[in-house]
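Q: Residue numbers (the numbering used here), protein chains in the order written: chain A, 1 to 771; chain B, 1 to 321.
Careful: at least some of the hints might be erroneous.
According to the in silico footprint, chain B covers these stretches of chain A (three or more CB under 8 Å from chain B) [to be verified]: (1) 698 to 704; (2) 720 to 733.
Pair by pair, the computed Cβ-Cβ distance ranges are [what the hints assert, rightly or not]: (3) A:Met207 / B:Thr237: 57 to 65 Å; (4) B:Ala216 / A:Met207: 29 to 37 Å; (5) A:Arg139 / B:Ala216: 56 to 64 Å; (6) B:Leu243 / A:Leu56: 40 to 48 Å; (7) B:Ser174 / A:Asp715: 43 to 51 Å.
Hints were generated in silico from the structure; no laboratory data involved. None of these values were measured; they are calculated from a predicted model. No residue lacks a Cβ here, since even glycine has one placed at the ideal position from N, Cα and C.
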Amino acid sequence: MREGRNSLVARTIIYGLSGLLLWFCFQPLLVLTILNAKLLLLLFIGSMLVMVYFKLPKWLCVTVCAGLILHAVHFYFFKAYPFLQPEWFLLFLGQTRDSFHSLWQGDAAEIPDVFSAFMFYLVFGFVLFTVNHWLEKGRIILFVALAMLSSLAIDTLTYFDGRQTIVVQAAVALALLSFHQWQNFVQKGDKTHSLRMTRSWFAVTGMVIAAFLLFALMLPKPDSLWKGPSNYVSGLGLSFFNNDSFFSGNQRIGYDDDDSRLGGSIAMDQTPLFTAAISGSPQYWRVAYKDHYTGHGWSNGNRYFMPISGSRSLSEMLTLYGAKTKKNEQTAVLRFSSSSPAILPYAGEPQQITVPGKQVKLDQLNGQLLTVDERKADQATIRYEAPSYHTSALRAPASANDPQIIRDTYLQLPQKLPKRVQTLAKRLTDGKANRYDQVNAVVNYLRSSRFTYSTDRVPVPSNDQDYVDQFLFASKVGYCDNFSTSLVVLLRSAGIPARWVKGFTSGEYVRNVQEKVKGKTIDLNEYRITNADAHSWGEVYFQGSGWVSFEATPSFSNPSEFASENSTNASERSDTQQQSGSSAESDQNQQSTNQKEQQQQKDPQQKTAKQNNTESQTKAQTNNAGAETPAVHWKAIAWTAAGILLAAAIAAFLTRKKWFRAVYVYQLHKKSIEHDQDFVYLFQRLLRVLALDGWERSDSETLREFAQRFDEQNDGCALYLLIEQYEQMIYRNGSRGYQLDAEQIRILLNRTIDHRSKVTPAEKDLNQKAE
Amino acid sequence: MNPSIEAHQTISELLDHVERVVVGKRKAVKLIIVALLAGGHVLIEDIPGVGKTLMVQTIAKLIGTDFKRIQFTPDLLPSDITGLSIYNQKESRFEFRPGPIMGNIILADEINRTSPKTQSALLEGMAEGHVTVDGVTRALPELFFVMATQNPIEYEGTYALPEAQLDRFLMKLSIGYPDRKHELSLLDRDSDRDPLSRLKPVLSIDHLLYLRHLTAAVFVSDAIKNYLMDLVEATRTHPSIALGISPRGTISLLRAVQAYAFVAQRDYAIPDDVKAVAPYVLAHRLLLKAEAAYEQKDAHMLIQEILASIKIPVSLKEPLQ
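Please model the complete structure; the sequences and the hints are all you need to start from.
A: Written out as structure tokens, the structure is:
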């Protein structure tokens with residue numbers, strides 16, 4: 001009965017701990033891959049373990065497992081479709097078939113994420129069944145070893161940082177092994193001391209695990225010495241693991257609807273999303289703009305969709321450019337690939353959009369176009385007006401304040417935005433005569449070599465860190481989101497209405513195509529836009545000209561055309577760094593002279609600013625140092641103390657026999673022998689001392705047998721005499737026949753403790769007396 | 001003088017005397033005296049010529065009584081043991097002639113060579129303390145000690161004793177060959193042809209019965225009793241044992257333990273007593289499964305195995321009074 005309960009408890013705990021261990025093994029996948037739904041994975045592991053724990057029939061387990069896998073696939077990729085209808089399933093089947101085709105062709109990079117996710121969950125299922133098999137067969141050590149090995153491999157070969165989790169995982173593994181061993185004890189069925197043993201067993205293992213956890217978590221964990229193991233993995237030719245889109249984890253890849261939390265590295269994924277055949281020059285593709293900066297990113301805000309129908313044309317609903325901006329009407333034909341999200345990007349100011357078989361709606365707050373059913377479109381034809389800004393119009397001093405609605409919406413800044421951002425914005429824009437120059441000053445500042453463009457090793461701001469502040473003053477490494485957001489925030493800080501635009505760059509030129517648009521066949525240039533072309537930039541409001549795009553990210557150039565008043569043909573990329581002197585227009589010359597002048601004017605300012613900067617930096621550093629000094633000391637003390645404690649604990653543990661023996665011997669020497677209890681107590685202490693010295697009595701050995709064995713080796717009979725006395729205490733009833741007095745007992749005890757020495761004459765007398 | 005100390009002296013005297021005659025067999029002698037004090041009977045299984053008869057003769061002489069010897073043969077009849085009524089023509093009536101069983105100390109030699117019927121006549125007397133002849137129940141003397149010998153079962157022309165009857169022997173032991181030193185001394189003793197004749201009794205039957213009384217009073221603590229029960233229960237659950245120790249066996253073990261403690265001059269039993277007597281008291285009562293034979297284990301080995309697996313009580317469960 002009791003054994004049954006024990007083994008049930010052991011089984012339950014072992015299954016629980018195994019689940020935990022599996023959870024730790026799978027956890028990196030939440031970070032490394034797009035399978036980032038914690039709950040879903042928990043549900044999967046949990047329900048599978050519960051099923052195998054209750055030993056439900058195999059067919060049921062497999063069915064539920066398959067159901068869970070399908071649910072996961074649906075959850076990640078076909079959320080828009082109802083789960084219980086076959087529509088998505090057929091789609092999925094088609095993709096699976098294509099994937100097998102790609103696999104057959106050896107083209108692992110072409111495998112869509114759906115298939116990868118499906119295969120991963122399939123593997124989870126197999127792993128769970130295998131683990132169950134191991135648990136049933138008691139091969140826990142194998143399971144634990146493989147689990148730890150896999151976690152180590154993931155920590156080594158990927159950027160996943162498992163420093164803390166691996167410690168906890170090891171602790172769980174130890175606990176699992178401890179319970180497994182205990183289960184073995186229970187199964188052996190040693191009834192007589194199972195309870196006592198259970199207690200001491202778990203006391204010991206619990207202490208070991210607790211000590212391990214404490215020290216392992218506290219110990220410093222240096223960075224890995226091998227910096228580029230992922231390159232090594234790539235070198236192995238495992239092309240599947242180069243599938244950036246699947247192994248992107250929580251990184252942003254390409255287009256993402258949610259910008260509320262920016263930061264971190266991004267993966268460059270070359271999955272084609274759509275092709276755009278356009279009639280004019282290459283354009284940035286706008287998906288939406290956002291106006292509310294939270295300090296961490298751009299909030300999605302409210303949405304206000306209006307369907308575009310015959311009565312309300314798109315051109316009326318979405319106005320980007322003012323009267324002073326010249327517009328060229330162009331046509332674009334977009335074809336979306338199967339991996340494209342449900343978006344309808346547009347260039348310039350769209351006048352008309354046609355999606356075959358679908359209605360289109362517009363989010364009037366974010367300028368986002370979508371089909372009415374919010375599903376992916378296959379094709380879209382857009383008639384749009386490409387802007388050509390007049391620099392003179394942009395430079396013209398504003399006749400009045402910006403409209404109230406613009407100022408209300410596009411000057412928003414979070415309360416917690418650090419003051420130094422504003423200071424920097426003021427410094428950059430001060431002394432500039434007009435808004436256009438102010439904007440260019442900020443753009444140039446961001447495009448300067450102060451900042452490095454990079455898509456990896458971009459830190460994620462912590463909860464109390466401002467995204468822009470972190471980029472501008474701390475990390476100075478980032479990609480388009482960092483630059484564009486900083487631009488917008490800096491401009492807003494300087495009182496210039498600006499907003500953040502997300503979309504795609506113009507993509508890669510593919511070929512020249514002929515498309516039939518409205519019955520006319522026209523020559524178009526086709527560009528391919530991939531996930532890696534996802535981009536963001538800033539837009540600034542100018543009275544009369546409307547919204548003007550600015551590119552703050554280095555190495556990207558603004559596709560907008562800026563035309564001077566006088567010139568008709570010449571176009572100028574606003575990107576001053578890319579300016580070439582080849583088209584030597586007077587205007588340009590003038591402009592560059594202006595800039596030079598500005599530069600000269602700016603120089604002293606900059607110098608002072610720099611000095612200030614350095615000063616403030618040094619100051620900050622000193623401050624920091626001042627603040628951190630006690631912390632460092634405290635840490636050092638804590639570490640030293642912990643180290644000493646650990647060393648002491650290890651030393652005490654290694655020399656525990658000596659300690660115990662010393663304590664017992666002390667008791668044997670000092671404790672008075674007045675009552676029988678004292679003697680019984682001391683005698684038991686004596687037995688412990690002997691056990692520590694290597695003289696251990698086995699359970700089935702009688703005291704006399706033990707004494708004989710001992711006395712034979714040690715040339716005496718002190719222990720035998722003591723045992724005779726002790727036997728009377730515990731086996732005899734009532735009065736005793738002969739009794740050693742306290743002094744004799746003391747002598748015998750001491751003699752037994754010093755069992756390495758020879759028999760003393762006094763003791764021989766005593767022996768004779770006893771006999 | 002303390003009566004128990006006196007008794008202990010008598011016992012050691014008895015032991016010494018027997019050993020003087022039967023050299024080098026102190027352990028066997030001690031066990032036989034244990035059986036004598038515990039009021040049980042002894043079965044000695046051994047080859048002929050190791051001194052079984054001599055040992056019984058010596059003990060009988062030291063108690064100051066005679067011993068009767070029954071040589072069991074295949075044609076022996078029950079009445080040859082119990083005695084029979086003979087018609088006395090002079091007095092014209094049946095007269096009971098007591099058989100050899102009516103003695104105090106009986107040597108039943110080669111008990112397994114006679115028919116079961118005859119064996120049972122002796123065993124009934126051993127178990128019940130009386131025999132029934134011609135419808136009259138006759139009590140056996142108060143001191144009634146049977147030492148039976150048997151040849152090893154494998155020998156030709158033997159009737160193995162059934163388990164129920166083996167159970168009636170307190171102990172089964174074998175004397176075995178003396179060691180070289182003692183056998184050499186036997187050779188030297190050739191001139192002294194009859195060491196028995198010079199023996200004087202060291203105690204009377206009444207004294208022996210008093211010693212038995214003292215033996216029964218030896219204190220056995222609860223811890224030791226539990227230890228006994230652990231042992232007995234282990235024989236009942238052991239996988240190689242078909243039939244474990246019966247309650248009669250348990251009581252016999254307790255008696256033997258008390259007697260052994262008494263012989264060791266103690267008035268309380270210790271675990272060593274149990275360990276010392278358990279193989280002799282328990283082994284012949286076990287019925288082994290065939291598996292044990294395959295594993296080439298005999299009852300003695302199993303008892304040792306069990307002894308080695310049971311924890312000895314070495315501490316007080318409750319505080320001392």
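Q: Would you mind marking each hint as holding or not holding in the structure?
A: Hints, one by one, checked against the model:
no.	hint	result
1	698 to 704	holds (count 6)
2	720 to 733	holds (count 7)
3	A:Met207 / B:Thr237: 57 to 65 Å	violated, 37 Å
4	B:Ala216 / A:Met207: 29 to 37 Å	violated, 53 Å
5	A:Arg139 / B:Ala216: 56 to 64 Å	holds, 59 Å
6	B:Leu243 / A:Leu56: 40 to 48 Å	holds, 45 Å
7	B:Ser174 / A:Asp715: 43 to 51 Å	violated, 35 Å
In this structure, the earlier hints numbered 3, 4 and 7 are contradicted, and the remaining ones agree with it.
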